[in-house]
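Student: Residue numbers (our numbering), protein chains in the order written: chain A, 1 to 345; chain B, 1 to 407; chain C, 1 to 248; chain D, 1 to 296; chain E, 1 to 303.
In short, the hints are calculated from the structure, not lab data. Because the structure is a prediction, the values reported are computed rather than measured. Incorrect hints may appear among the rest.
What the hints assert, rightly or not - Once the Cα atoms are required to be at most 30 Å apart in a straight line, the calculated DSSO-like pairs of lysine-lysine come out as:
1) B:140 <-> B:173
2) B:70 <-> B:100
3) E:173 <-> D:167
4) E:173 <-> D:165
5) B:169 <-> B:122
6) C:143 <-> A:328
7) B:173 <-> B:231
8) C:143 <-> C:117
9) E:200 <-> D:192
10) C:239 <-> D:257
11) E:173 <-> D:146
12) D:146 <-> D:285
13) B:58 <-> B:70
14) D:113 <-> E:200
As the list claims (entries may be wrong) - Which residues of chain B face chain E? A few of them, derived with a C-beta cut under 10 Å, are:
15) 211
16) 246
17) 407
Even glycine gets a Cβ: it sits at the ideal position worked out from N, Cα and C.
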Amino acid sequence: MGNNKIILYAAILAITVIAPFVFPAFGTQLATLWLMIIVALTWDMTGGQMGYNSLGNIFFYGTGMYVAAAVTIGMVYDVGEYTSAHGGGITSFTDQQYFTGMFVGILAAGVFCSVCAVVIGYLTFGLRGPYFAIGTLGVAIAAGELVSNWDWIGGGQGIALPVYPGDLDEGKVFFYFLFALTGVAVFLFCRWLYQTRFGAAINAIRDDEEKADAMGIHTLRYKLVTWSMAAFFVGIAGGISAFQLIHFEPLETAYQTINLGIFMVVCVLLGGKGTLWGPVIGASLFHVFKEVTWNYFLGWQWVALGALIVVTVVYFKDGVMGYLLHTKPEWFGVKIDQKASEETS
Amino acid sequence: MKKLSLLSILMASVSLLFSQASLAACDEIHIGSAISLTGKYATNGIHAKNGYEYAIQKIKDAGGVMVDGKCYNFRVTYYDDESKGDRGATLAERLISQDKVQYMLGPYSSGLTKAIAPVTEKYQIPMVEAEGASRSLFNKGYKYLFAVLSTSEQYLASAVTLAAEMAEKQGKKASSVKVAVAVENDPFSLDIRAGVLDDAKKYGMKPVIDEQLPRDLSDMSAILTKVKLLKPDLLIVSGHSKGAATAVRQIGEQNIKVPMIAMTHCEAADVTGKFGATANDILCSTQWAETLSYSDPIFGTAGEYEAGFKKAYPEYKDKKVPYQTAQASAAVYVFKDAFERAGSLDKEKVRDALAATDMQTFYGGIKFSEAGNNIAKPMVLRQIQNGEYNVVAPSAFASHELNWPRN
Amino acid sequence: MSDVIIDVQGVSKSFGGVKANTNVSMQVERGGITGLIGPNGSGKTTLFNSIVGYHPIDGGSIKFEGQEISKLPVQKIARLGLLRTFQQTRIYGAMNGVENMLISLPHRKMSLLDALKKNTREDYERADQLLEFVGLYEKRFLKSGDLSFGQQKLLEFAMALMNEPTCLLLDEPTAGINPTLINGLIDRLKRANEEFGITLFVIEHNMRVIMNLAESIYCLAHGEMLAQGTPDEIQNDQKVIDAYLGAH
Amino acid sequence: MSAENSNGSEEKKKAGGYHVGGVETVISVDEVTRQAAAIAEDITLDHLDALANNEPHVSIKNLVAGYGQMEILHNLDLRVGKAQSLCLIGPNGAGKSTILHAIFGFNRIFSGKIEIGTGSDMRDITRLTPNQKLSQAGIAYILQDKSIFPGMTVEENLWMGGFLKDKPQEAKQAAEQVFDKYSRLADRRKHKAGVLSGGERRLLEISRALVMNPEVLLVDEPSIGLEPRFIDMVFEILDDLQNKEGKTIIMVEQNAKKGLEFADIGYVLVSGELAIAGKGDDLLKNPKVGELFLGG
Amino acid sequence: MDQILGNIGLLFEFPIVNFKIVIDGIMIGALFALAAYGLALVWGVMNVKNLAQGDFVIAGGYVSWWLVQHGFPALLGVPAAFIVMWGIGWVVYKLVISRVIERDLFTSLLATFGLAIMMAQILNLLFGSDTQSVDLGYETLYFADGLIDIPIAKLIGVIMAAILAAGVIIFMKSSRMGQAIRATAQDARAARVLGIDTEKVYAFTFSLNAAICGAAGAIIVMVWVIQPFYGITHSIRAFVIVTAAGLGNLPGVIAAGLGIGALEQYGAHIFGIGYQQAIAVMLLLLVLLIRLIQQLRVRQVLK
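Next up, chain A with everything else stripped away, as it sits in the complex:
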C-alpha cells in the first residue's frame, strides 16, 4: 500500500469517526448512508464481481429485520401475543434484555440470512441474466406478501421493537457506529476477498461461466458462498435497521423491493460495477442526491430518482469509477503500453 493510500484510508476513517459529532443533527442520515454503502457493497459482491444481478437482495434486509425482532422479543415475550392487535398490556424491556436481545438478534439475523441465501441460491443459481434478476425479485416480493399475511409476526400491522433505553443522542450515535462498523467490516472483507483466488474465480464466473465450469471451478459452490456472505452482512444491516426504526412493517419497510431493493443496484451502477470503491462512491452520491431532491423537489423526488436511474444506466454505464478508469488510468496504477494499444487495432 502506497503512502497516499494510507493517508486516504486514515482520512476516511477519521471522518467516519468524527462525523456524528460534527453533524449531530444529521446522525440518522449518516447512519442511512452507511446502510446504503453496506447494501451496495454486498450487492456488488454478486452483481458486479460475480455477474449475478440480483433484484432480491432486499429479501435479506427484510428477513434480517424480522429475525432480529423476533429473536429479541422472543427472548422475553411470546411473539404471537406481543404482536397481536388485541394484545393488551404495555410491554417493557430492561436494559439488559434490550442489549442482549439486540446482540443475539442481529447476529441471528446475519446467520439466518446466509442460510437463506444458500437455500434460495440453490434454486435460483441455475437461472441466468434476466431470469435470475426476475426470479430473485420474485422471491423478495413473495416473501413480503407472505410475511404480511403471517399474523404471528404481526402481519400487515408490522412489529414494534422497544425504544433505545439510554439517552437519545447517545442512541443515535450508537446506531451510527453500529452501521459504520458493519460498513467498514464489509469494505475490508470485500477488499480482502477480491484479492484471493476465490475473488478471481467469481470474476471468472462473471466473465464466462461456461468456461469457468469447463475449467473445473466449483461454480455453484462459489456462487452460494459469495451470496451467503453478502446475505450475512445484509441481514445484519437489516437487524440494525430494525432497532433503529423501532416500528416496521413488511411491505413498505422490510421487503421494500422498489425502494432500497433497487436503490442498492443504482448506487453500484452509479459508482461503477465490479470495483471496490464504486459502490461506496455511488452510495454516497445517490444518498446525497436523494436527500437533496426530496428537500427541494417535494413531490417530484421520485420522478427525479427515476430519471437518475435511467440516466445512470443509459448514459453513464460504467459509473464514476469506470469513467475515472478511462480518463485517469494512472490513478489506478494501470500502465498504458502505447505500442500495445496501437497494435491491437
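Fit chains B, C, D and E to the given chain A structure using the hints.
Tutor: Only chains B, C, D and E this time, still in chain A's reference frame:
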C-alpha cells in the same frame, strides 16, 4: 381540478421556501409534519394537509394563538413521507433534529403514525395526530401522542349493533346474523376488523367470511363470489379509498344482495359521485359529518366549517368535505387550545396541557384518555340514501331512518 | 496399450429426430494423442459435447478413468480432470494473460479454504513459465481481449495446461488460425503431451494437422464410426476418402 | 491488482523443468505481419487498374475507414472490373471484412471515396446507406454463416430478400425465378429454414441476395464451416454467377488457396493496407504469399 | 387452514363456482395476455426486458379515463390510448430504449425500472393517487341463479382485446413491417443486409408494444380499476406469462395469459384474495423452477 392539487403542492413547496420572509406581526410556533403527498395515501394526505392549512389560516384570522399575552401563528414544515413508514420515521427524525421542531402534527394513516410515534416519543415531542385511528397506537404507553379522532375499532362496530337490532326486529336471534369481513391488510383496517369481530362475538355472531384485501387491490370478485354463496347478513369492507371504490363498483356489477353493507372511506372515495345509485343504502362510518350539531368559536358550526373550507379550497366544491380534513383542522385547534392554556412554549407544559384537554369543537368533543385517544366523541354511521349521506346511527345523532334491507 | 482413459461405448444421440450419433464406440489411450476427424455434420461436435457433458445422450456409455460420466454435467466432468478447450476460444478478454492463467489454477484440487488464500509466488512463476511455453510471455500484461485470435487460442491452451488436466479435449485447435501458426501449435501440442504427460484428444477438420499430430485417428461420417487406425491407415482408407473428400 | 507484478523483471526467466520455446518456434501473429510487411510491394494505381482491365466497375479511392474512433483501413485503393472476381486475403485483423462493410455502408468512413460504374456512368456511393446500396447501387452483401431466418420458411426467406422491392408481389416473382434456378431450394420451399442442411443454408443465403438482382456481390467467407464438398458447390455457384450472369464479386476468404484459385484478382491485405495485388493464379504461385498464407 | 379447506369445500359444494372462477380468470387473463404479448415482442425483437410494461398499461388507462372525464365516449378511449401510447412509446424509445438495445441484459431491466418509477410518479402527480375507473353503465348478464355474472362491460373488453390480438397477429403475418419485425427478431444482422432498417423496426416495435399496452389499459379502466402504482403488478404478470410461454409464440402467450388469469382466481378463492400478488409471484417462481428442471435434464441452465 387535479391540476390544481398539483399546483397547490408546488405552491406549498414554494411558499415553504419563502415563508420565513413573508410573515411578520405575530411570532411563529414551528410545527413539523411528515405527510403523504405522493404514494398511495397521497389523496388523503393532501386532504389532511389542507385541513391543517385551513385551520392555521382560520386561527391566524382570529388573531392567532395568545400565549402569555403574546401573539403567535403556527407555521408547519411539511415533508413528503411517500406513504411509507420508514420514510416517515426518518423524516420525523429530521424534523426534530435538523429543523428543530418542538411539536408535530400527525401523518396520514395508522401505519405511518405507528412508524412516527416511536420517534416523537423518543424525543418527547408532543404530537397531535388526526389520521391514525388504530387502537394499537394507544396500548404502547406513548405519553406524547394525542389523537383527536375515535379509535378505529369503533368505526364499524355500530354496524354490528344495527344488524343485531334489525335481526331482533325480524324476530330472529342476534346470534343468527352472519357477518362477512373483508379488510385491507394494514394496521388501520386490521383494527376495524378486530373491533367488528369483538362486537360480533359479543352478540354470538359468526363470521362466515374473514379475508384480507391486498394493498394494491384492484379486484375483489373472489370474495364477492363467496358472499353470493354464503349469503351473509352483514358485509364489512375496509380498505381506504381504493377499497371503497373497488367494493362499490363490484358490488354493483355482481349484483350482490346483502341486507346490510358497511364500509369506511365512502366520502374520500366519492362513491356517490363515481357510482351513483349503486352506492345507495351502503352504510359509511365517519368521524364527523357537517350535519352534526357541534360548534366552536373559531370555525363555527360543523356546517359553517364545511362552507368555509369549500370557499378556501374551491377544488372541493362539488364533493363532500371529507372528515379527514375536518379532524386535521381540529388537531391544529387542539394545539392552539393547549398552548393558550399552558401559557408557555415549553413543550413539557404544553404536553401536560394537551393531556388535560377537554373542549368542544366543530368536530365534536375532545378529551384525551390516559393513552392519548379521544374519548369524548362517538363515531357516526351514515347511510347513502338517494345519493345523500344521512346519519342513521347512533340514534342520538340520527337524522334519518335506516333503510333495511338494502336492495 | 490397454490403458484406456476415455471409453465411449455405443453412444447414440439425436436432436429432434435427426440422428447425430449412432452407436459410436471409441477409446482414447492414456498418455497418447488421439484424433477424431470427419466432415462437417458428421457428428464430431455432437460426440465431443456428449463426452464433456454439454448435453445428455440417448443411449450407450461414456467412461472416464472407469467412471461413468454420461449423466454428469460439464463442471463435474471437468473436476475429474477431463478438460476441454472451445472452438471459438474462450478466454477472459477483460483480464490480462497472467490473470487468465491464475484463474486457471486447478480449483478442483482446492478446498474452499485454499481458494480463500491469495495466489502464491509459485503460482505466478508457473503462469509465467507456461505463457513462455506458448510464446506469449511478452504479451502477458496485455488485455487478452486485444490479442489476435491465434494468440487467444494459445492462451487458452496455456490456461488448460495450468489446470493440470489428466486429459485434454481440444475442439478444432487450428480452426481460424493462420497456417503459419499451425506448425508451432502442433509442436506445442506434442510437447505438452510428451513433457507434461497430458493425454490429448483432438477433434480436427484439417487433415494435415491431424496426420502430423495423432497416433491414432478415428473418422466419423454421418454419425457413425467409419474407420480407426494410424494416420497412414486412415489416409489410405477408401471409405474415409469417399466420405470426407467428397468428389475429390 | 496485477499492476504490482508488472514491475517484475522483463528478462526471460529460465523456466524450471520446462523447455523454453526457442526463437525459431515462437509463434506470433506479429511475426506474420512483419513478414508480410517485408514482402509488401510498391503497388501503383496503374497496376490495380490494369488488373481490373482498365474498366473498373467498383473503385475505392484513398479510403480511410473503421469503427467508432478506431481507424482500420488506411488509404486503401481497390479496383475491380465488371464480371470480375476479387479475393481479399490476409491475416486476421488485417481489415478484410472491414472493406466489405465499408462498401456496403456498415461502418464509419473517415475519408475517401467509393464509386461504382465506369466512365460517365460512375457514381459516388460513399455515403449511401446499406438500404440505398442495395436498392439503388445494386450491391448485395452475403454474410458469413448462420444468417438465414430459421423461423421462416425457405419461401419467406427469399421474400425477405426482396424486402426493398416496391411491391411484395415483385419480390415473390423474383423469388420464383430463384426457385427456377435452384431446384434444390424449390423442393424445400415450404420447410422452415432452420431445418436445412449446411449446404442448403449457404445456397439460401446466396440466393436470397439474388432476389434484388444486384450487380455486385460482397461475399464474406463463403467456405467457413462447410465440409469440403459443399465448399466446392459454393464456389461453383459463385462461378456461375460471375461468368454466366456477369456479377461482380468481391470476396473475403480465410481459405486463401480456394479463394485465389477462384478469383481473377487477389489482394493481400496487411494491417489495413494493401501489400500485394495480382492475378489470383499469380499470387498462388508467388512463393512469398505461399509461405505466409498457404501453409507452405 | 380451516378457511382454506372451507374454500376448497365450496368448490365442490357449488360446482358452478368453478365456471365462475374460470370465466372471471379468462376475462382478466385476456387483458394480461395483451401486455404480455407486447413484452414478448420487444424481448424477442430487441432483447429488451421492459419492466415499465405495467406502467404503459396504467398510462393507457389514464388516457381513456381523462377522455371520459372530458365528455368523450368511453369506447373511444381504446383507440385513443393506442395512439397516445404509441407516441409515448416512440419518445421513450428514442430517449432511452434505443440506447440500451445493444447493452447487456441487465441494463434494459434497470433502465425500464427507472422509467417505471418515473411514470408511476408522473401519473400520480397528474391524476392523483385515487383509484379510478370508467363506468360504462352497461348491464350485467346473470346466469345460474345470479351466481355467474358477466358484466357486459367486461364482455366488450374481452371482445376488444380479442380484436386487438387478432389485428396484431394478422399484421405480423402479412404486413411488410410485420415481416420485417419477425426477420429482425430472428437475425438482426441478416435483416440489415437485406436492407431492412432495423433501427426503424425497433422504434416501430417498441411503439407498437406501448400502444398495445395502452389499449389494454384503456380496456382495464372500463372493467377494473387503475391507480398510478398498479403498474408493477401488471409488469410482473407479463413476465410470468412470457416466461411460461416463451418468446415469439403468440398463441402460447395468449394461452398462458388465460391460464394464469384462471389460476390466480383459483388461488384467490382458495387462499384468500390477500395472497393474489403472492400467487402471481409464486407462479413466476414455479414456472422458472419447472423450466430450470427441464433444462437440468439436458445438462443446461436457463438463459
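Student: Is the shortest C-beta separation between residue 211 (chain B) and chain E less than 10 Å?
Tutor: Result: holds, 5 Å to nearest chain E Cβ.
Student: Check whether the Cα positions of residue 58 (chain B) and residue 70 (chain B) lie no farther apart than 30 Å.
Tutor: holds, 18 Å
Student: Double-check residue 407 (chain B) for me: the hint is only fine if its C-beta lies closer than 10 Å to a C-beta in chain E.
Tutor: violated, 14 Å
Student: Keeping to a limit of 30 Å between CA atoms, is the pair of residue 239 (chain C) and residue 257 (chain D) held or broken?
Tutor: Holds: residue 239 (chain C) and residue 257 (chain D) sit about 26 Å apart, inside 30 Å.
Student: Holds or violated: residue 200 (chain E) with residue 192 (chain D), Cα cutoff 30 Å?
Tutor: holds, 26 Å
Student: Are the Cα atoms of residue 143 (chain C) and residue 117 (chain C) separated by 30 Å or less?
Tutor: holds, 24 Å
Student: Would you mind confirming whether the straight-line C-alpha gap from residue 70 (chain B) to residue 100 (chain B) stays at or under 30 Å?
Tutor: holds, 21 Å
Student: Is residue 173 (chain E) close enough to residue 165 (chain D), meaning Cα to Cα at most 30 Å?
Tutor: Holds. Residue 173 (chain E) to residue 165 (chain D) sits at ~18 Å (cutoff 30 Å).
Student: Within 30 Å, alpha carbon to alpha carbon, are residue 169 (chain B) and residue 122 (chain B)?
Tutor: violated, 52 Å
Student: Under the criterion that the straight-line Cα-Cα distance not exceed 30 Å, is the pair residue 146 (chain D), residue 285 (chain D) satisfied?
Tutor: Roughly 33 Å separates the two Cα atoms, so the pair is violated.
Student: Does residue 246 (chain B) hold up as a contact with chain E if the rule is Cβ-Cβ below 10 Å?
Tutor: holds, 5 Å
Student: Are residue 113 (chain D) and residue 200 (chain E) close enough, with their CA atoms no more than 30 Å apart?
Tutor: holds, 27 Å
The structure shown violates the earlier hints numbered 1, 5, 12, 17.
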